[in-house]
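K.L.:
Work out the full structure, taking the sequences as your base and the hints as a guide.
2 protein chains.
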Amino acid sequence: MPDRYVLVLAGGRGERFWPWSQPARPKQLLPLARDGRSLLATTFERALRLVPSADRVLVMTALDLKDAVQRECPGARVLGEPVPRNTAPAIAAAAAGWIPDASAFAVLPADHAIDDLDAFARDARRAFEVAEREPVLVTFGIPPAGPDTSFGYVRRGAKLGERLFRAAQFTEKPDAARARTFVESGEYMWNSGMFVWRKSVFFGALEAGRPALAGALRGSSSGGGVSGFEDRMREVFPALESISVDYAVLEKAPNVLVLEASFDWDDLGSWGAWARRQPRDARGNVAFGDAVVVDCDDCVVVGEGGTAAAMGLRDMIVVHANGATLSCPIAQSEGVRRVSEAVRARGAE
Amino acid sequence: MPDRYVLVLAGGRGERFWPWSQPARPKQLLPLARDGRSLLATTFERALRLVPSADRVLVMTALDLKDAVQRECPGARVLGEPVPRNTAPAIAAAAAGWIPDASAFAVLPADHAIDDLDAFARDARRAFEVAEREPVLVTFGIPPAGPDTSFGYVRRGAKLGERLFRAAQFTEKPDAARARTFVESGEYMWNSGMFVWRKSVFFGALEAGRPALAGALRGSSSGGGVSGFEDRMREVFPALESISVDYAVLEKAPNVLVLEASFDWDDLGSWGAWARRQPRDARGNVAFGDAVVVDCDDCVVVGEGGTAAAMGLRDMIVVHANGATLSCPIAQSEGVRRVSEAVRARGAE
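Residue numbers (the numbering used here), protein chains in the order written: chain A, 4 to 352; chain B, 4 to 352.
Take every hint as true, because none was put in to throw you off.
Computed spacing ranges between beta-carbons, pair by pair:
1) Leu163(A) x Arg286(B): 53 to 63 angstroms
2) Gly164(A) x Arg286(B): 49 to 59 angstroms
3) Ala27(A) x Ala334(B): 34 to 44 angstroms
4) Asp318(B) x Arg128(A): 47 to 57 angstroms
Computed from the model, here is a short list of chain B residues facing chain A with C-beta under 7 angstroms:
5) Val295
6) Thr310
7) Ala311
8) Gly315
9) Val321
10) Ala327
11) Thr328
12) Cys331
13) Arg341
14) Val342
Think of the hints as simulated: they come from the structure by calculation, not from any bench.
Note that beta-carbon positions come from the ideal geometry of N, C-alpha and C, so glycine has one too.
P.N.:
Right, dumping it as structure tokens:
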């Protein structure tokens with residue numbers, strides 16, 4: 004059996020955690036894990052449970068984040084992409100250059116939170132076994148805790164084994180009514196964005212879904228080491244279509260399976276999602292770092308490098324970080340990107 | 004007629020403007036005036052309208068604030084008190100040391116906002132004339148714009164002239180029901196905390212109200228200049244009773260008059276009071292400094308030395324200043340002191 008690999012996708016900028024997240028220190032590098040480590044560090048820890056050695060972990064990130072990423076992932080092979088092109092080109096480039104054709108690899112986003120490391124490792128090993136045995140694309144489906152509209156959904160089809168199904172249909176983030184229908188049907192799971200497949204099977208599916216993309220990257224090799232690879236990517240990447248692996252591969256492929264996860268999972272897509280996993284005081288407040296909370300209920304107050312003080316608030320977020328301040332209702336924390344865009348636009352004036 | 008003097012009281016720390024106000028830069032030094040100057044600078048400008056030269060303006064402040072205060076008041080005589088003892092000792096000490104017995108002087112708090120400089124100067128000159136003619140204590144009463152509970156009130160007695168009355172009774176900050184009764188009666192004015200009187204008349208009233216205080220300070224002289232005066236105050240002040248001039252003098256004296264002001268006035272006692280005088284956008288928001296306001300109504304967003312961003316809020320304050328953040332409802336801005344105290348307590352831990 005050829006070696007297994009893990010590809011960690013660490014190229015995101017995580018603007019929804021503004022002002023804590025910054026271009027030079029995006030979400031996956033912030034100490035957002037329950038134990039105060041970065042999400043990337045905990046993802047690397049999970050990856051190490053699946054491979055024989057750290058150099059079987061590839062981390063794809065932006066060129067300017069490589070040093071910070073390497074510090075969180077000692078021994079991993081950190082690859083820099085010259086421009087962001089979403090997940091399909093990142094996966095295809097890393098796999099083409101660095102993973103043997105017959106090897107299976109797991110794709111793990113760097114910014115997810117999972118507490119039950121043992122359950123994750125068990126499920127992932129099972130996914131590897133399936134992917135090594137069958138020419139299939141294995142995804143992890145999360146039993147939905149509720150009709151969340153911030154996740155994609157996958158409908159399960161025929162049952163193939165314990166917690167293992169054919170994937171019948173992928174749906175991007177639905178509206179609230181549709182999400183409710185999905186959850187009530189009992190047939191849908193959250194699409195975790197974590198996958199296991201053989202390189203050859205992945206490229207077969209990419210060839211069918213996006214032949215130009217597959218053709219542009221398939222021939223890449225790791226000759227010339229990391230810097231040679233990155234030099235080639237500087238030539239190739241800018242012209243590539245920016246497209247997610249869900250759209251380029253999973254939504255069209257006939258051979259997608261979904262393994263229902265037995266582990267907890269969250270993509271921590273917002274301040275609100277992060278806060279749900281933090282300890283709270285008697286009045287339901289999350290006070291993180293240098294936070295002063297006076298007469299508040301169910302608030303999230305974060306002070307990094309300065310005091311954040313909240314008084315008389317309910318269901319609000321107050322963040323002081325990187326010399327800036329954000330305040331908004333928790334219910335709107337999914338929209339913080341609007342604020343960071345407004346701040347950027349202002350800066351550009 | 005002996006020269007007139009003005010005594011500016013600039014010793015406050017203005018904690019209700021935390022985090023913008025800091026011990027080293029309290030409220031009166033912040034650019035809170037409508038034109039972006041400090042309240043102290045505008046107070047000094049008003050004072051200059053009443054006296055023949057800048058050296059007839061005395062400014063009493065804390066020793067550590069003297070340099071900053073002097074910059075705002077070029078040519079004024081700036082006096083440092085070694086410890087804060089409220090308004091009665093500050094007025095008595097400055098008057099005893101620096102004002103001739105027969106001279107009248109106005110007392111102006113350094114942190115009030117008045118836009119109509121001409122009307123102020125007219126009213127103040129009239130108050131001087133009254134105080135120079137009669138052995139009375141002249142206070143300025145402000146026609147109440149509403150039942151505000153953040154001000155003291157003065158009930159007017161017999162009418163002595165146009166807008167000039169005997170003061171019948173002083174009341175400290177009332178509760179809301181009482182404030183409504185006051186305003187509905189038509190007999191009450193806000194107590195502005197600005198006064199005009201002769202030094203001899205003031206000391207007569209202080210002698211009656213607080214003989215120990217009067218005795219401790221009456222003998223002070225300006226021999227030895229400012230530093231000699233301050234050396235004596237270092238010995239005298241710590242033992243003095245901390246007491247307001249309202250309580251030590253005005254509430255008991257029989258010879259208090261109240262001149263109904265023809266000028267606008269606010270003591271800018273809170274973020275909310277300050278915001279009422281600032282320009283607003285179409286949705287009622289005050290955006291000051293480096294402020295980003297997304298989908299908010301009737302909010303106050305202040306960014307000093309960093310971005311303050313608010314999204315989806317109503318009737319809220321969001322302040323980023325001096326490396327700290329405050330968020331609270333505008334309606335609670337009177338209570339910001341609670342936050343600054345909590346922050347201090349935290350720092351002391």
